[in-house]
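Novice: Place chains B, C and D on chain A using the hints.
Protein sequence lines, in the order shown, are assigned to chains A, B, C and D.
Under the working numbering, the first residue of the first sequence is numbered 1, with each subsequent residue one higher.
Under the working numbering, the first residue of the second sequence is numbered 1, with each subsequent residue one higher.
Under the working numbering, the first residue of the third sequence is numbered 1, with each subsequent residue one higher.
Under the working numbering, the first residue of the fourth sequence is numbered 1, with each subsequent residue one higher.
These are computed hints drawn from the structure, not numbers from a lab.
Mixed in with the good hints, there may be bad ones.
One copy or two, either will do: identical chains are not told apart, so a pair holds if it fits within one copy or between any two.
Unchecked claim - Using 25 Å as the maximum straight-line C-alpha spacing, the simulated BS3-like pairs for lysine-lysine come out as follows:
#1 K139 x K185
#2 K5 x K208
#3 K51 x K224
#4 K139 x K5
4 protein chains.
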Amino acid sequence: MKNLKIGRLEHGFRNSITDVPGVTVGHCTVDTEYHKTGVTVVMPCQDDMFKNKLVAACHVLNGFGKTAGLMQIQELGTLETPIALTNTLNVGLVHDAMVEHMALQAERNGYSIRSVNPVVCECNDASLNDIRNRAVTQKEVFRAIESASPAFLEGDVGAGKGMTCHGLKGGIGSSSRVIEIGGEKFTVGVLVLTNHGSTSDLVIEGEKVGEQIDRALHCDAPDKGSCIMILATDLPVTDRQLGRIIRRMSVGLARLGSYIGHGSGEVMVGFSTANRVPDDGAMMNYRCIHENQINAAFRAAAEATEEAVVRSMLAAQTVRSWDGTVRRSLKEFWNPQA
Amino acid sequence: MKNLKIGRLEHGFRNSITDVPGVTVGHCTVDTEYHKTGVTVVMPCQDDMFKNKLVAACHVLNGFGKTAGLMQIQELGTLETPIALTNTLNVGLVHDAMVEHMALQAERNGYSIRSVNPVVCECNDASLNDIRNRAVTQKEVFRAIESASPAFLEGDVGAGKGMTCHGLKGGIGSSSRVIEIGGEKFTVGVLVLTNHGSTSDLVIEGEKVGEQIDRALHCDAPDKGSCIMILATDLPVTDRQLGRIIRRMSVGLARLGSYIGHGSGEVMVGFSTANRVPDDGAMMNYRCIHENQINAAFRAAAEATEEAVVRSMLAAQTVRSWDGTVRRSLKEFWNPQA
Amino acid sequence: MKNLKIGRLEHGFRNSITDVPGVTVGHCTVDTEYHKTGVTVVMPCQDDMFKNKLVAACHVLNGFGKTAGLMQIQELGTLETPIALTNTLNVGLVHDAMVEHMALQAERNGYSIRSVNPVVCECNDASLNDIRNRAVTQKEVFRAIESASPAFLEGDVGAGKGMTCHGLKGGIGSSSRVIEIGGEKFTVGVLVLTNHGSTSDLVIEGEKVGEQIDRALHCDAPDKGSCIMILATDLPVTDRQLGRIIRRMSVGLARLGSYIGHGSGEVMVGFSTANRVPDDGAMMNYRCIHENQINAAFRAAAEATEEAVVRSMLAAQTVRSWDGTVRRSLKEFWNPQA
Amino acid sequence: MKNLKIGRLEHGFRNSITDVPGVTVGHCTVDTEYHKTGVTVVMPCQDDMFKNKLVAACHVLNGFGKTAGLMQIQELGTLETPIALTNTLNVGLVHDAMVEHMALQAERNGYSIRSVNPVVCECNDASLNDIRNRAVTQKEVFRAIESASPAFLEGDVGAGKGMTCHGLKGGIGSSSRVIEIGGEKFTVGVLVLTNHGSTSDLVIEGEKVGEQIDRALHCDAPDKGSCIMILATDLPVTDRQLGRIIRRMSVGLARLGSYIGHGSGEVMVGFSTANRVPDDGAMMNYRCIHENQINAAFRAAAEATEEAVVRSMLAAQTVRSWDGTVRRSLKEFWNPQA
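Here chain A stands alone, though its shape is the one from the complex (with noise of 0.2 Å):
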């Protein structure tokens, strides 16, 4: 994917969301006969986070969907566990283990957790899962958080294994891009899970590379399913400021020809790790940008999204289900080096 070019801001050392400083990402793929799914955890930080929360923001694009937990990001502005992703059909057991997770993890810090809001993702990969019977259990969101690190796999591993996007295989996409304000530079990282579009609306870079596949596979497939953004940042932001900033990754979507189909649900998280909110106090002191600086961050959220999804797609393998089902790679048909 080297010569994949969009946009015009630079992207980070990775051009991944782990590219900002502290996050990781890990995944747990289940690939049996019936199962073609797993589950993916965004690691916002590697400290306790329940203790020193993050500021946050969430947005939903389409709601036609079944992610838990954006309520009290929604009120408090603050996220305070990693972000795991799945299956639709999953969301409670991931939810579940979670929960089990954030409770370890405070008794080894000596404290113990009566309450936690886990985030919890999902896109439907029912097409190539045996959905109904759920494979993600607290075992996998385990091994997903243990694997967490700054290098991770993307395409058809852990929750994107099943995923189909634009009627080709897609999965799990990143990208980064670094922007400069008053003097000090930033990175705007992207991960997401991408289920969405249908084949024939597929455009790169003003190319309409999904017609050209639809005269070839002659199986297009209608607008459905979902893609969850995530956006990490270590730009100090408000998290009114981070939830617009958030709303522009829609953008990425609508470019590759998108538009946001009823059957989704598009849904977007944003962290920043540069302002950390502890668990108690009186007075706090926020920095973040001034409003007139706002622009960087929305280009970067832009560009890093539709790169991501494109990047999805073309790190996924082929992926044959159980009854037959195939979802093929855009890299038998798309090269960004042609």
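Specialist: Same frame as chain A, now just chains B, C and D:
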């Protein structure tokens, strides 16, 4: 509770959410040495609601909570599962149990489910319940569903077992009001799970009951915890109209002395049984009230919520936890007949 | 009004929104044969607020109204003009007058304005005022601004001249509360323009005052009209925190018996003088309270709003319109000293 | 503009918002030495819409703007006046003129108006227009209303006279799409007032037109300004469904290269002529599409908006302001036939 008279509208036959035809409520209470908790399920209809969804709305008055399933109600204006209420850390397991319930019901009805949006609401009962060890599993959820009936207990039962309201024993309460629009009679029913408020703030029908109790008990609590408010009606309304109606439920809380404290998940969910949305189709017809008639429903929502909260407290018995914490019943201090 | 005592917090020196340092209020009343109307202006600070904006928030409890200027507050979390209150059909002319005021002030300060967001709130005084012929022009707005002072009248003055509250004479009311956070004292001040509620629903401090008056007057009105609620504070808060605080103003209305009727524009606007946002810059620092301290401000907002509404009615004189409609003063029927 | 072909759906007869039966558009342009501004009015129907309101919805994509009248649409889901578009500082006077227009119309129809909610949208034309001196008065608004017709000009006319889009001359553009649901044909029409975007970001149908123009002009502008998007349809929808449809209009902006900059009021307003809401009544019947059919309307909204923006630029002539500022027409640089 015969002589409690809040507001000016008539209540329904049972003075309960189940006065709305088709609505039933079931509990499963977990009452062991360490656990004072449970699950309560509101069943909005007796037929297959996944195939014939109900018009629904939700509103978050204060979002410090973990309720799951609101995002899709907000987007689509429909409810497709029963509503489950439980303790904070049990949301995940109850969510998974609701998925299983819906999948089994679908299979009994000859189809399979690949996506479903359970609505799971919660309050935090950690002061009486060992919340760390999730005591509500699939078994308890299924029992609650099986036990659902128009006649159900209020007070310290089901999800209400470990709840605390205005420093006293809270739990499940219900009430209803009958209104007339265009010559027809309709019912507005409310069920609440009460876990909010401080003792000294409690005011009932203008009487500063809480200050008196506080002087006796010397143990005022901060306004912490949550209140879940479910509204059912057979009034034909659009989801937007229903959203306006449920927002008036906050009036009931305020009149009892709550100022809607920070540490709360004050969440409203409402549904109407008057318009059903089939699984598929091209065009539909909605019947709905003219907006000019909506005040009757506003008043009903406010009154029934106020009364339901008081009933949750009057119906509850004093409960003692394993560590000696006691939540006393309001009826030890105050009685509507007096 | 010396003996009216609502809630448990102390009020400020004047028991007024102007207890928040820097805040002033001005009126211009139009009292002619056909017109009982006017304009009231809340000045949030004494320096150039376009160049140093105030942190602000707004909330719409019931949006049947014509208030202008909220969209930008919602997006940017700042207020850049005084807040004007007037009658429903005068929003346009008052909006234009506020543009002119800001343009003139800018020119006096050596710059020019090409964009500005006036906030103009309204209630409908058509039952006492010939609203069709807009009586509030630029002249009245400028007079109100010029007359702004920490000491101002309440009741049937300014925008309050023609308003009706709970079927009695409403208008302008104000109150304040002093809270302590982290060893520092802060003020929460409220100003309301009251034009809502039905007579028989009015309850003051638990006393069913409205039912008594209704029996005497035989003229209950439906719960129609609106209530505009302005909150000022010197508490350092983010716009999100301020949004949470102003949402508690609804508690004050509910405790007085309103169920927030359909035909109302119940609108809250709040600002904090503690953090100013300069016109330009790269990075900023906000000071704000820790969320765990916010309950004190919630209680203050609820209490001050409840008291401000009662004061708007107690301060108002009986007003008679050209067509013989009479709105009598609450003080003819009820008195806090009694 | 014959050969411009955006998207895959058919456009209506005029390829205009007025393809929706009953919709007309009128302009009044103020073109003097110092003023390049005006007002454009979208008339949703030809009968008395105050007495028979239209189902409506609005959405704020970026709220840095002064649009008035959205709050009531949000609450009640109806539109009761034409929609006026003008420059930023003229919102007040145009608002007042719309009140007068509605009052006069009511009097002609034998009733009087005591409350009405004009919808006035704006973009900032201060780079070409002496915005400080409000040039749009009641006279211009009345002329725009009187001139309303199914055939109307696009480009630098009416409110579009002084607007700048992607650094070139923007203004008024329109387009439509025809969709089929349940065997019936419906029209989705869009009208935009374009004043957003930077030159170098402009992409048309995948061609990086903006970069080419920027190399020629050496004058890239920041992504500032606004875009007002009005959608009309004869599709029977509820206000919630309409809200979902208009949110897809942002897709059109993104595909042309905008990332929805900070300094913008990106505002969508939509109405449906298929269900009318009478002034009074007890029960109503709505006809509406089944949600599963909504994707066709989503695609139509996205395509028509994208095309309307391009048309606003292609129809506009180069405009020069009194101080020498020039906004050149896109057609000097790019032509769809080429």
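Novice: Does the structure break any of the earlier hints, and which numbers would those be?
Specialist: 1, 4
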